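Trainee: Quick mapping for you: the protein sequence lines, in order, are chains F and C.
Each residue of the first sequence is one higher than the last, beginning at 21 in the numbering used here.
Each residue of the second sequence is one higher than the last, beginning at 673 in the numbering used here.
There may be inaccurate statements among the hints.
[Said to hold, decoys possible] These stretches of chain C come out as covered by chain F in the derived footprint (C-beta under 8 Å, 3 or more residues): (1) 771-782; (2) 929-937; (3) 956-965.
[Said to hold, decoys possible] To give an idea of the interface, some chain C residues facing chain F are shown, with a C-beta separation under 7 Å as derived from the structure: (4) 686; (5) 688; (6) 892; (7) 946; (8) 950.
No lab work stands behind these hints: they were computed from the structure.
All values reported here derive from a predicted model rather than from experimental measurement.
All C-beta atoms, glycine included, are put in the ideal place defined by N, C-alpha and C.
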Amino acid sequence: MTHTETASRPTPPRPNPHRTPLRRALAFVRNTWRGLTSMRTALVLLFLLALAALPGALLPQWDLNAEKTRSYITENGWWGQLLDRLQLFDVYSSVWFSAVYLLLMVSLIGCLVPRTGDYVRAMRAGPVRTPRNLSRLPHHVRTEVAAAPDDVVATARRRLRGWRVAERTEADGARTLSAERGYLRETGNLVFHFGMLGIVIAFAGGALYSYEGQVIVHADGQEFCNSGIFAYDSFNPGLRVDGTGLTPFCVRVDDFEPTYTDAGQPISYDADIRYQSGADLESGTWREHHLEVNEPLRTEGDRVYLLGHGYAPTFTVTWPDGESRTQTIQWRPTDQTTLLSQGATKFDPPGITDSEVRRDNQLAVTGLFAPTAALHGNILTSAFPNLTDPAAAVDVMRGDLGIDSGQPQSIFEIDQSMVDSGRLERVARENLRVGESVTLDDGTRVSFDGVRRWVSLQVSHDPTQGWMLGFAIAMFVGLGASLAVKRRRFWVRVTPAGDAGNDLRRSVVELGGLARTDQAGYGEEFSALARDVLDRTPRERKAP
Amino acid sequence: MPVNETLSQYSDWSYTTAVAVYVLAMIFFLVEQSFGRHGTVAAERTRTRQLVGAGAQAGSTVVGDGAEPPAAVRPARSRAERMGRTGLALTVLAAALHLAALVLRGLATSRVPWGNMYEYIMAITLFAVVTWIVMARKYPVRHLSAFVLLPVVILMFVGGTMLYAVAAPVQPALQSYWLVIHVVAAAVASGVFLIPGVASVLYLVRAAHDRDSGRFTRLAPKLPSADILDRIAYRTTVFAFPVFTFGVLCGAVWAEAAWGRFWGWDPKETVAFVSWVVYAAYLHSRATAGWRGTRAAAINVVGFVLTVFNLFFVNLVSVGLHSYAGVG
Ligand code: HEM
């Protein structure tokens, strides 16, 4: 394949007065095509691809971490905005990345089509003729043996079992053998490059038809159904996914149990779930499954993963009139090692129809939750990620939560602008253990009743995944063959010895060898071949 | 999974001793390299070999691979040569201690010993040294060992001091047999890639000297021919590249099971992809007229720089799913 370069180098444009514009245009297209599919262009494109992919590792990316990207842009002012406009925070869907990617694909196809043709032709044609001058080859032996040409040829043929061999007789009566071996290298190389092409195409398919959704489910028997985008907390659809026609299935999380070392390092996360899919949805059957990290639930081609977990404290608000409301809302871990969590549990006062009044009396229990409380003075932190001694440091806020403003709100936070404008005020601050409560100035009581666990689940759907794996395996196997197999040639020319070339009991044997690719290593094999052919040939007994 | 403190302690001692012995071996190699005539002799020997050939019959020419030096030109063993042999023996000893440190870590924690950056660097450097020992037996390059041991010792020093992590179990996401397969493939590939990286740097020095004999006058004449360095780089890269490919593929399969997608342009994945493309470009460049030689060597060096970058930058600076370094 070392010859690719010379074969595909664009021919220099010759000024030709007879050329019509159409011809010139055709020549231009042909030259562009040749240029694009040459090895050198492929090399440059490979570099460009490497270069283009790199910013994605150095800069925060929107689809991996939107929050970090936003703060990066604000911190860097005009520079950040410029980078954003240049799509440097969106590298893998940027125009320039796609351009390099597509050019490389075209180059790959343009390179594969003719090579496949060459390959088929070479397989049909068999080993090439024996060169006139074998002594020019990198491996060469010339010697005289006491044996008839026929015997030498027969021995060589026997020794070259497993090689493709062609036997020819030359004009001057010399007998030659051309042998070649290692065709698998080219086969492997083609399989490798086609596998890569397949991966590129499957990858594009994945960008169109896959989706991923995350949802938090309480580990107390709460149920989640894959019925639409609305069921998720966040959802990343592929370009052709509109959220209708998701695979129907339901999952119910019965229990979640983490284990930790004494130092608080997690050892395992296990969730006991039940699920319904396919025909089970009709019959109402629930199947049990043990969900773990590294062990997703696979059903109907979709996968359900256990991504994270946290705590949902239960608070009860009892108004002076005796009405009460209880809520268990997930809080968000702010420290992954101790699971100190932060959140906002929001309450609407019951029985008030006047929206003005209602909005002045909404409540939110915000603050910190520690699964294992550690108090530094009055500051609550968490000493251990597991539930051993839960406590909450709460700020109770009263006023307008801004829920009715139409703006979407985070379930983990209160609207800070409401606090800033004075419409939401802190009316109590207290550290609470389970069972304790705090009473507000108007007699309303907020009690901390207990804690539940929640898990965050991810549902993934990607119809191209199986294809991807198939292509990847083909690619790897092809690569192995392409790098491990050595393509090599071996030639034998036997001429009867003697002045007139007619002494049939003595022969001049010339052997030549050429490794088509890497020369290293062929030396020993050639020497062994040469030795065997020369030594194993039965000798004629010398005439007395 | 309790951690066996005693074994962990032995592992640490073994590690420290290995570094010390590597440094000692380096001194021997430096003596051989700088004071001995061995460097020049070795370089001459390889040149002679091209002509003499092994086991050829009279009247014929067989050009060998250069694997075994012809007996006729082997010089009497000089003091420098003895230095070199001692250096290699010490390197083998240090590698044995190095292996012991790794195995003891594994026994202490009852898991594979590459669960954090300290252990990973320990594994990588071991694979690099073993590859080099194999190369030094195959090619006349033993006197260059210091160039390989220097990055190994630096890596081990950084690993053993700044990145040291107490023996402990790994977190749930790492408890998978893929930790064995994926990480060992990555470690073998990265370790072996150190050898072509060093050989390619030396190649660039040698080639610059061959073009203009005024450059690198002290170092270059002691290096073997550019051809040998190129061959070492190619052989080792051709071994490591499929292993690396396999590692990346296994990583994708594992990511599918652990993180919900097989590829997500996580920083580690991205840099692995980039260095994979660079090594593929290296292989291509050797089949492209005008790119063989110096350019190919430069590409290989870039590939190794990216491998090191992936090890340090991505684990320590950027935040991604691969942040298992176990430091800080
Ligand atoms: C998309 C990126 C590509 C990658 C990652 C890639 C990778 C590889 C690898 C690993 C080899 C084996 C090298 C060896 O046998 O020493 C190879 C060989 C080859 N590739 Fe590619 N390739 C790519 C694209 C292309 C394109 C676009 C072309 C055509 C223009 C091409 C043409 C070749 C040729 C001719 C060989 C044979 C070289 C030889 O046998 O040494 N490749 N490629």
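Trainee: At a threshold of 7 Å, is the proposed contact between residue 892 of chain C and chain F supported by beta-carbon distances?
Mentor: Not OK, violated: residue 892 of chain C not within 7 Å of chain F, min 23 Å.
Trainee: Using Cβ atoms only, decide whether residue 688 of chain C comes closer than 7 Å to chain F, and label the hint accordingly.
Mentor: 25 Å, violated
Trainee: Using C-beta distances, would you say chain F covers the stretch 956-965 of chain C, given that this needs three or more residues below 8 Å?
Mentor: Check passed, 7 qualifying residues.
Trainee: Against chain F, with CB atoms and a cut of 7 Å, does the hint on residue 946 of chain C hold up?
Mentor: Since chain F brings a Cβ to about 5 Å from residue 946 of chain C, closer than 7 Å, the hint holds.
Trainee: Hold the hint about residue 686 of chain C up to the distance rule: shortest CB distance to chain F must be less than 7 Å.
Mentor: 25 Å, violated
Trainee: For the hint on residue 950 of chain C, does the least C-beta distance to chain F fall short of 7 Å?
Mentor: With Cβ-Cβ at 5 Å, under 7 Å, it holds.
Trainee: Establish whether the coverage given for the stretch 771-782 of chain C by chain F is satisfied; the threshold is a Cβ-Cβ distance below 8 Å, and no fewer than three residues must meet it.
Mentor: Check failed, 0 qualifying residues.
Trainee: Would you say the stretch 929-937 of chain C counts as covered by chain F, given the rule of at least 3 residues with C-beta under 8 Å?
Mentor: Result for this restraint: holds, n = 9.
Checked against the numbered hints given earlier, the structure breaks hints 1, 4, 5 and 6 and satisfies all the rest.
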